[in-house]
Structures are given as structure tokens and as C-alpha cells.
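Spelled out from the first residue to the last, the chains are:
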Amino acid sequence: MAALLAVADLAKDFPLPGSWLRPRHVRAVDGVTFAIARGETFGLVGESGSGKSTIGRMVARLIEPSAGTIQFDGGDWLALRGATLRAARRRIQIVFQSPYASLDPRWRVSDIIGEPLRTHLDLAAAPLHARVTELMAAVGLDPAMAQRYPHQFSGGQRQRIAIARAIALEPSLLIADEPVSALDVSIQAQILALLRTIHARSELAMLFISHDLSVVSHLCDRVGVLYRGRLVEQAPTRRLFANPAHPYTRALLAAIPRAGRSRAASAGGLALPRIGESGCAFAPRCPHARPACAEAAPPEMVLAPGHRVACFRAGEI
Amino acid sequence: MTGALLELDDLHVEYPARRGTVRAVNGVSLRLERGMTLGLVGESGCGKSTAGQAILQLIQPPGRITGGRIVFEGRDMRDLSPEALRRLRGDRIAMIFQDPTSTLNPVMPVGAQIAELFRWHRSGVDGAEIRRRVVALLARVGIDEPERRVRSYPHELSGGMRQRVVIACALALDPALVVADEPTTALDVTVQAQILELVRDLQTERGTAVLLISHDLGVIGEMCDRVAVMYAGVIVESGAVDDILERPRHPYTIGLVASRPRIGQPDQDIRPIPGSVPDLAKLPTGCAFHPRCALADEACRNVTPALRTIGAQAVACHKAV
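Read top to bottom, the protein sequences are chains A and B. To convert, count from 1 in the first sequence and add 52; that's our numbering. To convert, count from 1 in the second sequence and add 1; that's our numbering.
Quick caveat, the hints were computed from the structure, so don't treat them as lab data. Glycine is no exception: its CB is placed at the ideal position from the N, C-alpha and C atoms. Accuracy of the hints is not assured; some may be wrong.
As the list claims (entries may be wrong) - Below, a sample of chain B positions facing chain A; criterion: calculated Cβ distance under 8 Å:
1) 189
2) 190
3) 191
4) 194
5) 219
6) 241
7) 243
8) 256
9) 257
10) 274
Only chain B is shown next, with the shape it has when bound in the complex:
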């Protein structure tokens, strides 16, 4: 197969609301190659989670995908039948959510939840073999005494252990793509470090591509090859992770990087971005960032900037150099 593993082309997702149409994703295009990690970074309400859910066709009505293409392994996800989607999800594409507690079934032992995936998607595999694979998976994600832990219920495990079980579920059938939406945000920093390391190891081992959705530039910097920065439903900047973090060009990315306090530098002058994110139902005209931008002028207020190549990255800004 040629081409990218996943390609989003001008994706639009809208939610009707009393205050108007919420344009959560407003023309997003991105590419993810096999085995690579792409970060999707942005603040609350920028549309990053909606974009992730749209890939797996998980947008809940009344929200809907109103335009664009989602091409995964050469097929447009929007053309697939519900049955074909069911076969794909959990098998070729898996998703990891922020909160492992609400992802796992509280009344089912964790081993049975992983085994269910094999029963659904690999009907040829017999019970003994499934059991062997489940134990091996739990061992691989770092769960001690996996033979005993298969019978544990989620509430008997710590938050970090639950997220390991969720990762075991996601990787059970060796998917080509994992969409991970804030997978470590609910965890303590030392546990987060262990989980990130586990994800990286598994990815190297199996060649899985990861779309990592996060608000945390540190996590993105550590995990990703490439990164796309979202603001108010659009991608404002994308490129190799080092370029974006070290030489951001979009005023929003520059502000985001400058907003982060750096460790052990108490005299550092952090420069906050003034104002707050716009209501996605009442987007400003022109560039959605212009009300918060020091560089904004007439063109920014009227004309929506398209992504253009500057240096090594793509930037949607009239003023960026």
C-alpha cells in the first residue's frame, strides 16, 4: 500500500447548540505515516478530541461530520458500513481515553475484557490460546502476577494499573493505529513517565502509529515525531516536533511555548496569552486568534489565513515569518 496510513482532508465536525452551530473541527487536514507518532496539541475546546473521535466515527448525534475525508489504509472511514466499522475498531484502529475508570467495564474482570476482543475479532482462536495471549499481554504492559490479575476487577487496581490494562486492550489485536486522547493526564507524574515509556516501547516493538492528543507540550515533545497545533477548530501550525517547540512561528504557538514555566528557573518571565479561547459557536471573522494577537491587523480581522510553508513548518498566519 502506498500513501499515508491516515489522512484527514478538510474535516469538518459540527454540533448544533441553542447559541448557534458549534464548529468544533473547522477544516482540519493532517497525515500520519505508518509507525510514526503525530501529536495533536491544543487547549480545552480547540477541537482536538472531537477530531480524534471523528477518525473512529465516534461523534455522538446531534454532532456530525459535515465535510471532508478520513482516509485510513486507503479507505474513507465515512463510506464504511456500521458492520465494517465495528470490525475495524479495536482491530486495525484502537483508542485510549484519558480516564481508564470509565473506559473499563466495572463489573467484568480485566482479563475477560481483553479476551472479549479476541472473541469478537478472532473467532478462530480457541479459549486456551486466548487465555495465554491475555496473560502475555498483561505481563507485557507491566502487570505483576498476570495469571492472578486476569481475575481482578478494575476497582482493585490503581489508576496507573488500569491505564496499563486499557493499553493492553488497545494493543491486543496489533492495530496499525492507536488514537490516544490525553492518556496520562489523570495520572501522577511518576506514573505518567512509566506509561509513556511503555507506550514508546510497545510502539517500537510493534510498529504501531500513534495519534497522541494532549494539552501538554512536554508530553508531546517527548513522544512525538511531528506535531499539529490546534486553535479554535483549525490547525494553526504543524511540523517536526523540535522545530515547533524550539522555533514556533505562529503567534499562538509562540504564546503557548512562552506560557509554560520552565523547571528550576524561578526568575523566568512567562508571558501569558491575553484573553481566552473563543466560543466555537461565535468564531471571530478572519483568523480566529486575531482578538488575542498582538500582531493582528486589518487582513487578520477579515481574511482566514491558509496554511503556508515557512522554513520547516506549515503556518496559518498572515504575519508569521
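With the rest of the complex left out, here is chain A:
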């Protein structure tokens, strides 16, 4: 089956502050390639500055890539402009981390959830009201609260509002950028359960972005691991956690705090970002690095069906 979303060699350069006379850039995303099938949940995991949110924003067309291609439903997603792009946006929706920043405080909940329906479908008042009621019920909110404002809701409830707005137009792909990171663990579990239910009920594919491996492993069919803008490993969830092949993935898994965790699991020192270097970005921290690792970027190799890793030494370590 053809992929719903196919991202190839995606890159993003950002100008460094204070360099407008002689522009210098930092490459936040570098040669990222992955695909998401219809109805599939793909997780992107990485630490701060790994480029995971930048990828989500490029797929949502909130920022433009510096290089690479994005195919969506067989078409060139990056070629869309103006009115065509605006109309197409209903196919890909995004939920952000902060349910405080992403909802307009002066709008009633019914207006927030109803806005995409008005904009894209031009629904009349009665069907609009019916659809908003239906959506609120679907995300576990009491439709009687439709006339309230965001500040009258808790963080978890606000994230439900954001999710209701995002699924209102029945998109094919939902990008969820750290949707539960601002929430307490008991509320986080409620939102994860909600996302699972929505996913089970529809043909919705999901790009789930998070720093939290346990959340990603819970929700996703496949996971990609980002390090300094590069996708170092991707595999079906179970396989990735059972057989992590990249030294960074291993370090990340070993770093998860838990009772009885073995000591000295953390990898190497804290190397500062090395921009514009040609070798493997993880080499300065990698316990398995060899001189060759610093010279050229390791190409992706396939270890097993669907399990790809970018490491020269993946087969031998």
C-alpha cells in the first residue's frame, strides 16, 4: 500500500542569531526520511534540539523546509500554495504541547471547536451546533460546557478541546507535538487513552512527537529516533525497544529512570553541538566510535524488515 505521508531527505536550516551581515546557519533537521501508512501511528522521539518539532511543523506546512520532499496522499505536499494549500490543510491537523497557549482565551469552546467547521465546510448554525456537541462528547467533554471559556477548564480538559478542534474535519493525519508533556501523569493517561480511542475509531494516521520514550512506546506502531536533526534509527515499536541497534537509542533507553537501573548507563560527556561537521553527530559521545565515524555521516542500513539504522558499527556492536 502506498504511504499516506512520505518524507524524503528533509532538511531545515535556521539562521544563527546576530549573523545577518554574514548569514550563518544551523542545520536543525538533516536528511530525514520516513513514511507513514494510512491509519498508522509513527512516533518521533528525541531530546531537546533534536529537530522533532521542526519536522512536525514542516509536515504541517507551518514552516518551509530548506531541502527535501514531502509526498502526501500521492501528491507533492510542498507544491501546494495559496487557496489550494488552505483547502488542503484540513487533511493534516496538529495538536501542540501547551493547551494554554494554543487556545484563544477570548473564544468560547463552541467557537474554538466550530471554527474549522465554519471555515472549511461553511456549516449552518444547527448542523454546526450538532457537530460541536458530537465532538465534545467524543473527547470526553460535557457538551453543556460549550459556552465556557478556556480558562474555566483544567489542563487536561483544554487538551481535549484542542484534540476536538483537530479532529473536527476528520483529517487523514494528526500531528501531535508533545501533547501530554505538560500534563500530570494521571491526566496524561486519560489523554493517551483518548488518542488511542480516536485512533481505533477512525482511519486517522498519527505523527506523534515526544521526548518521552514510554509514552511513544505506548501509542505508536513504529518509532523513529532523532539525534541532532538526523533520524538515527527507525523500527516497529516492539522491535526497537527489544533490539535497539544505534548506540544513541541504547543510551536513551538506558537513561530512563526506574527502580534497580544499572549504574553508569549514561553515555559519555556532554559534547556541545558541532555544526557543519561531516561525521556521525553522535560520535563525540559514542562509546563505540572509531576514527571513521567522525569523517562521514553513516548511511542508513536495513537490519530487518522496517528496521533501519544509521551507524557504521550497528552490525558488530
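Given chain A's structure and the hints, the job is docking chain B onto it.
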């Protein structure tokens, strides 16, 4: 000296608010022995940070401690004069906060900030000796080229490095107790692992007791000997960390443990706790957890449960077995 290093006895902290009195800490008792690590775990607004601040008498007015005792090394902290408190803080008790950026002075080199502690608390130590100790501390917390780094400003360091400097400040005078409030929550997971390891090593080396306040059961499980679970200003369950994490008995702790997705188990059925935490100004009657609890009955709605011993732990629940 006999007895625990730190003992809280029926501590109450309140904040007046327009919507009523916020009972942030509502009768908390706990004990921490010398050299041990006690975890205080709970979600936002459960009162765990307030309890930590109360120990060092850092509650900002209009908030105030309205009852209970805080006995540290045999003395009630509430009886100490401001001068005695100043001498104690940073010396016998130190605190580490979540955000190293707001803890450190942005316009002072990090070395000078550590040296200040010696000048305040160890007036007999001369400049050369202070400098030697500061460099040794920075080296000990894992900062490369400490002789050069003493002159660095906080903004020149990464988040992990700043938290190492904060730890160096906390341990400079060899305190008996460190209160660490979410010390690694702002850090990436690989950096967090390094910081936790550092704290553990230093603790073993120096015999420091740690009160670790965290929302993260994983961090608590890894670091602590004992743990107390807070909900709506009270301790609902406490005991040895393995007992609490493996055999939780309070419905809230059971829910908290069941809410955590476990790694590499995509088919795991996580069971969220329904509802959300109560407003501390409008606490439910009886057990504060009863509106979210599947086991709640008449007694739970009316009578506040006291901590009682069940198996190896103490549980404040009418229904727990």
C-alpha cells in the same frame, strides 16, 4: 544524637486566597533518617513543594505554617531566630530547585557564587583555600576544566552543567540534608541520568540525607529508600520504595502506578484515574480522593481516613487491604 535527622509532625501550611483558604499541606508527618533518601511524590498542586519549602522556612507570605513541628537535628525549625535560620540554610540544610537558571545569579561567575557560601558560613577560611575548594567541588560534580569554569557565567553553561553547579553549591558545606525539588525535571533524559548518578555518588561519599520531591515515579524508584505519596495536601501512603511501587495499596497510588506507560509494551492497557485533582481551597469532605475513587462509599465521603499500617506500608484509606 538519637532520633531521626528530620521529622515533620502534623505540618499544616495555608495560603489565603480570594476563593478561600488553600490548604496546601494539611497534616503531613514524615521521618527521614541520616544518610537516607526519602521520596515525596505527587502530582501538581498536591503540596509536595510547599512541604519542602516549609522545612527551610521558605513559605512566602501571605502563606504561612499554621501548625505542626519541623524537627531537624533535634531542634524545631519554627523556633529558630532569623539569624539562626540563615546560619543553618546552605550549611546544614541545602535546597536544589528544578530550574538551575533561576537559582543561579546571572551576573556573577559560578565560582564566586560557590565561594560566597564559604565567606558567609566559614569566615575562618582564607581566599586561597576557598579557591582551592571551589575548584575541587566543580571538578567533583563533573565540570571539565574547573580552573577555567570558575570564571564562567551561568548563561555560558548548558542546562545540565548549571544543575551541576547548583549541586556543587548545595554540597559545598557538607550539609546533613539536601531538599531536592524536581532537580532533573527540566533536563533531557540522558542528562538526567548523569545528574541522578552524580547525586547518588555524592550521597554515598558524604552520607548526606536527601528529601527528593518529584512527580516522576521512575526517578523516585531509582533514587529512594522510602517514599511518601501525597494527594491534596496529605500523605496517602508511605513505605519502602519497592513495596509502594510493586504493591501499592492506596487506590490513588494504584492509579498512579497503573497510569504510567511502560516501555516497549505497546499493548499495555493503561488505566487512567478519572477526574482531576481537587481545588485545595475546596477540599471534598472525608477522604479527598473519594470523588475519583471507584471504591468510595459513605464512610469515605464523611470520615477522613488516618494512616494505618497494612503489610509493610502505611495507608490512609478506609478500603485498602
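Cross-check of the supplied hints:
no.: 1; hint: 189; in the structure: holds (4 Å)
no.: 2; hint: 190; in the structure: holds (5 Å)
no.: 3; hint: 191; in the structure: holds (5 Å)
no.: 4; hint: 194; in the structure: holds (4 Å)
no.: 5; hint: 219; in the structure: holds (4 Å)
no.: 6; hint: 241; in the structure: violated (11 Å)
no.: 7; hint: 243; in the structure: holds (7 Å)
no.: 8; hint: 256; in the structure: holds (6 Å)
no.: 9; hint: 257; in the structure: holds (6 Å)
no.: 10; hint: 274; in the structure: holds (4 Å)
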